[in-house]
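Number of protein chains: 4
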Amino acid sequence: MKRHPEPRRIAVIGAASCTAHEAALAEAVGRALARQGAVLICGGRGGVMEAACRGAKAEGGFTVGILPGVDAREANPYVDLPLPTGMGEGRNVLVVRAAQAVIAIGGRYGTLSEIALALKLGRPVVGLETWHLEPAHGPPPPIHRVASPEEAVRLAVALAQRLP
Amino acid sequence: MKRHPEPRRIAVIGAASCTAHEAALAEAVGRALARQGAVLICGGRGGVMEAACRGAKAEGGFTVGILPGVDAREANPYVDLPLPTGMGEGRNVLVVRAAQAVIAIGGRYGTLSEIALALKLGRPVVGLETWHLEPAHGPPPPIHRVASPEEAVRLAVALAQRLP
Amino acid sequence: MKRHPEPRRIAVIGAASCTAHEAALAEAVGRALARQGAVLICGGRGGVMEAACRGAKAEGGFTVGILPGVDAREANPYVDLPLPTGMGEGRNVLVVRAAQAVIAIGGRYGTLSEIALALKLGRPVVGLETWHLEPAHGPPPPIHRVASPEEAVRLAVALAQRLP
Amino acid sequence: MKRHPEPRRIAVIGAASCTAHEAALAEAVGRALARQGAVLICGGRGGVMEAACRGAKAEGGFTVGILPGVDAREANPYVDLPLPTGMGEGRNVLVVRAAQAVIAIGGRYGTLSEIALALKLGRPVVGLETWHLEPAHGPPPPIHRVASPEEAVRLAVALAQRLP
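Residue numbers (the working numbering), protein chains in the order written: chain P, 164 to 327; chain R, 164 to 327; chain W, 164 to 327; chain V, 164 to 327.
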């Protein structure tokens, strides 16, 4: 039985409240992901997540919201598949595991936890104006810093294809 | 911003190894769900889950596999969106929370845990040749027992529409 | 390095609201567990859980409450170690995994989910006036039904010792 | 019913493989926690976690290991209460939620995720030679950087007492 070809699954992570500039970046990332035929995975809430989903839907993409709460209605209006988890911030690891690569835009502590989990779990991390991280010893983590949403998506999709 | 209409999300639960009869029931449930435009949520593995997904894909439906392990390749070949959770049996509660109603077909202990969680979390449970449950006191749980896959789907979709 | 001997970890599961008779059973189970030197694992809330913890503390035992919410103060007053999980009913699987055997007293849907998960994960289940379960095919699950709290504890501790 | 006084619950987080210097810091932290009567919460594995537990046991403390796997035997030999979760890295959020304050020693990506989750969930973070973090905008996170294990414990216990 041949498995039908699967679209790439790319997570977009960022804060539930963000600047207009970050929202514009996220929307452009969402648009570019949809044009690539990738499924957009996110935490399903507002801010960067909502802007990314809005962009994806504008280009006919498909969006998944892995929600912290128990009610699907907490998803932003551009989420096609809301998945309430009831796990609070415990859902962050599920966002990362569901994805084959992660695009981080700005972000605060929740986003930082997702970047860290992605690094731990071997998901490539592409960063747009996001956290700078330095361990006490050794090299900084391999975050692929890019300058534009289009470059973020191109790189994330390329890196994702190397993962199962 | 008007929310675009969402398809119903119905979970099909049952064992990863099942009889040919249960597989036939599950495949027919999958077909009927797809014809109703419902999204099929399941645990993503073999047996009842695979048969239901195969049925749904035969009718052009959409299938989600919420997997126990960390590798998307453990999904059966008819899963459109594999979501590895890395939570083992802890993912059962996620299958239930993701759904607006649950159809149980046969099943062993994992399925029993999902039936119980669905009852606890207020998801309607429709049963096809599944567990019989009696508490020490009080009435048996409100499992809607049906005689055919088509009736199972009709009832699950109708009951799901009463939930957010 | 020799590992210091560990006490048995036994879960007591049952509803957060229960009859006076169930509470009396649970309290006697808690007392007997403490006299055996076992650690009592539970969901940390009221009803059967609280009565079991109260019994354990009356005999100088140690009690762990794996809580559904995010606030340690939701533990009953007899919990020594409250562990808020923020996972809601998703914490049920953690109660079961933490234990080497499970004693079910009465119980409703949450308890039923824990019995099912224990059966799935290979934890021996000892039952006191609890659910009766029958699969569609095959033998009923191996729930060890006992007639007294003392017998429940004796059996649970004996069966637990066969597990890592 | 008066609640019996509860000991503080302090998490020690750090990598499963660490330098001798980090192990020495962790062991001293464990010793100081035990002398304060605090319960040591950790991920239950080797490296920093094992050294901290060894220190705590040397002073008669109590140690809890919230394990990623399904087998209690994966705990280091100084864990009093092993809690297998079967959630992999998903257990990191449980380590943080279980604690009233967090002491980070060195650490790699798993530790970084726990620091981030602690910041998100309002657990005070005390750092010993650990990550340096800078968001794209705004002030760095409120990690309390200290110079000695004793200072780390003193501060963590003091900050923990402000939490439920």
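Calculated from the structure, these hints are not laboratory results. All residues carry an ideal CB built from backbone N, CA and C; glycine is no exception. Check before you lean on any hint, since a few could be wrong.
A few chain P residues that face chain R, going by a derived Cβ cut-off under 7 Å, partial list only [claimed, not checked]:
id : residue
1  : Q199
2  : L246
3  : P247
4  : G249
5  : R260
6  : L296
7  : P302
The list that follows gives simulated cross-link-like pairs (lysine-lysine, PhoX-like), each with its CA atoms no further than 25 Å apart [stated by the list, open to error]:
id : chain 1 : residue 1 : chain 2 : residue 2
8  : V       : K283      : P       : K283
9  : V       : K283      : W       : K220
10 : R       : K220      : P       : K220
11 : W       : K220      : R       : K283
Sample of chain P residues with no beta-carbon within 10 Å of chain R, all distances over it, derived [to be verified]:
id : residue
12 : G200
13 : H295
14 : R325
The hints, checked one at a time:
no., hint, result
1, Q199, "violated (16 Å)"
2, L246, "holds (5 Å)"
3, P247, "holds (5 Å)"
4, G249, "holds (5 Å)"
5, R260, "holds (5 Å)"
6, L296, "violated (23 Å)"
7, P302, "violated (26 Å)"
8, V/K283 to P/K283, "holds (19 Å)"
9, V/K283 to W/K220, "violated (34 Å)"
10, R/K220 to P/K220, "holds (23 Å)"
11, W/K220 to R/K283, "violated (30 Å)"
12, G200, "holds (13 Å)"
13, H295, "holds (28 Å)"
14, R325, "holds (13 Å)"
When each numbered hint is compared with the structure, violations occur for hints 1, 6, 7, 9, 11.
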